[in-house]
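**Student:** The lines below spell out each chain.
There are 2 protein chains.
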Amino acid sequence: MSSSVYLDQLIEALQVQPGIGPRSAARIAYALLDRRRAEGLQLAAVLKDALQHIELCPCCRNYSDGGECAICRNVKRRSSGLLCVVETPADVQAVESAGTYFGRYFVLHGHLSPIDGIGAAELGLDKLAEILASGEITELILATNPTVEGEATASYIAALARKQQVKLSKIASGVPFGGNLESVDEQTLAASLEQRRPFA
Amino acid sequence: MSSSVYLDQLIEALQVQPGIGPRSAARIAYALLDRRRAEGLQLAAVLKDALQHIELCPCCRNYSDGGECAICRNVKRRSSGLLCVVETPADVQAVESAGTYFGRYFVLHGHLSPIDGIGAAELGLDKLAEILASGEITELILATNPTVEGEATASYIAALARKQQVKLSKIASGVPFGGNLESVDEQTLAASLEQRRPFA
Numbered sequence: 003m004s005s006s007v008y009l010d011q012l013i014e015a016l017q018v019q020p021g022i023g024p025r026s027a028a029r030i031a032y033a034l035l036d037r038r039r040a041e042g043l044q045l046a047a048v049l050k051d052a053l054q055h056i057e058l059c060p061c062c063r064n065y066s067d068g069g070e071c072a073i074c075r076n077v078k079r080r081s082s083g084l085l086c087v088v089e090t091p092a093d094v095q096a097v098e099s100a101g102t103y104f105g106r107y108f109v110l111h112g113h114l115s116p117i118d119g120i121g122a123a124e125l126g127l128d129k130l131a132e133i134l135a136s137g138e139i140t141e142l143i144l145a146t147n148p149t150v151e152g153e154a155t156a157s158y159i160a161a162l163a164r165k166q167q168v169k170l171s172k173i174a175s176g177v178p179f180g181g182n183l184e185s186v187d188e189q190t191l192a193a194s195l196e197q198r199r200p201f202a
Numbered sequence: 003m004s005s006s007v008y009l010d011q012l013i014e015a016l017q018v019q020p021g022i023g024p025r026s027a028a029r030i031a032y033a034l035l036d037r038r039r040a041e042g043l044q045l046a047a048v049l050k051d052a053l054q055h056i057e058l059c060p061c062c063r064n065y066s067d068g069g070e071c072a073i074c075r076n077v078k079r080r081s082s083g084l085l086c087v088v089e090t091p092a093d094v095q096a097v098e099s100a101g102t103y104f105g106r107y108f109v110l111h112g113h114l115s116p117i118d119g120i121g122a123a124e125l126g127l128d129k130l131a132e133i134l135a136s137g138e139i140t141e142l143i144l145a146t147n148p149t150v151e152g153e154a155t156a157s158y159i160a161a162l163a164r165k166q167q168v169k170l171s172k173i174a175s176g177v178p179f180g181g182n183l184e185s186v187d188e189q190t191l192a193a194s195l196e197q198r199r200p201f202a
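Here the protein sequences come in this chain order: A and B. Just remember that my numbering sits 2 ahead of the position in the first sequence, which is counted from 1. Just remember that my numbering sits 2 ahead of the position in the second sequence, which is counted from 1.
Just chain A, same shape as in the assembly:
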C-alpha cells in the first residue's frame, strides 16, 4: 500500500528514462521530494520546454532550438567546406568533445535498414545530395559507426558524393588510446595494421 497516488505516478513516470528501473526511480523520487523540490520543479519546466521546442535543423538535421542550429549558423564552420556525416546527435556531441573538428555536420538519425523500412528518404539523403550539389562542400567526412549497417550507409553516401565530385574521407579505425593490443578485437587490429602510417 502506498501513501500517495502522486508518488506512485512519479515513480512510474521516471522509468521512461533509459537505465532507470523501479528501484532507481523510487530513489530519485524520494531524493527530489526530500531535499530538491526546487531543482525538481526546474527539471520539470526545462524538460517540458526542451521537448516542446527542440526540432531538427533544416540544414543538418541535428537538434536545434528552431530554425538553423548554432553550428550551421556559425560562419567559420560554414566556410570551412567540411561536412561530417554521423548517425546520431549524440555522435555530433562526441566529435565536438574531441575538440579538433571545426566543420559542419549532417545527422542521419540512424542507418540504412531496409528490413525496418529505413531508406534514403528516412535518413534525409535527398537533403544531403542537395548540400553536396550546392558546391559549398570541399570534403565529405564519413563518420558512421564501424558496423555492417554503418559501413553500408557510408558506401551509399560515398556514391552520392562521387556523383558531385566531392572529395571523400572516412575516419580511421584502429586501436583506441589507453587500450592494449591484447584486448582489441581481431577486426579492429586488422584495420589498424592495414591503415598503418609511415613513422618518421
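Don't read these hints as lab results, they were simulated from the structure. Take these hints with a grain of salt, some might be off.
Pairs count within a copy or across copies, as identical chains cannot be separated in the list.
[Claimed, not checked] The calculated lysine to aspartate or glutamate pairs, modelled on EDC-like cross-linking and capped at a C-alpha distance of 16 Å, are:
1) 50 x 36
2) 165 x 128
3) 165 x 141
4) 172 x 196
Dock chain B against chain A, hints included.
**Tutor:** Same frame as chain A, but now just chain B:
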C-alpha cells in the same frame, strides 16, 4: 559547441537526479528527444504535479496527497493499534513490500544528530508523543536503521513510549535470507546469536 541551448539545459537539469551524471543525462535526453517525446512530456507534468502537491501527512509525516495519507485513513490499520517508527518514507515502502505488516507508521525523516542540529523537534517527536498519549497505540515497533544514530534515536523514542506505558518492540537483527554466515559482519552475527530462538 552544442547545436541547441534547450538541449544543454535539459542535460544539466537531468543531473539533479541522484546517480545521473553528465553521460547518463545525455543518453536520457537523446532517448526522450529521439523516441519518447510524449512520455517525456508526461514525466514533466507528473513531476511538477507531484512536487507541488505531495506534502507530509499531519498524522504520520509520510508523504501524502494532501491531508491524512491513505495508510492513516485506513480503518483496519488504525484499529490494529500498531505503530511502526521508521527513518524515511523509503523505509515505509520497504516494509510495505514485505507485505506482512498491517499497522500504521511514523516517519522521522532522519535520526537524532545534534551536530547537524537535528533534535526531537526536527523528527516530529512531539507529534509522536501526542499519538502515544492518545491511547490508540498498543505496541510501538522500533524500525530505525541498525546504525549508531538509528539505535540512539530508537532509545530516545523508547523512553517516550515507556512514559505512556506503551508496549515496545524492535525489529530483529540477524543473518539475511539468502546470505551466508561467512560473509555476514561480526556484529550482525553476534546479534543473531544473542537473539537466537527456541527451535522445535
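**Student:** Does each hint fit the structure? Answer for all of them.
**Tutor:** Right, here's what the structure says about each hint:
no.: 1; hint: 50 x 36; verdict: between (23 Å within a copy, 15 Å between copies)
no.: 2; hint: 165 x 128; verdict: within (13 Å within a copy, 81 Å between copies)
no.: 3; hint: 165 x 141; verdict: within (13 Å within a copy, 84 Å between copies)
no.: 4; hint: 172 x 196; verdict: within (14 Å within a copy, 70 Å between copies)
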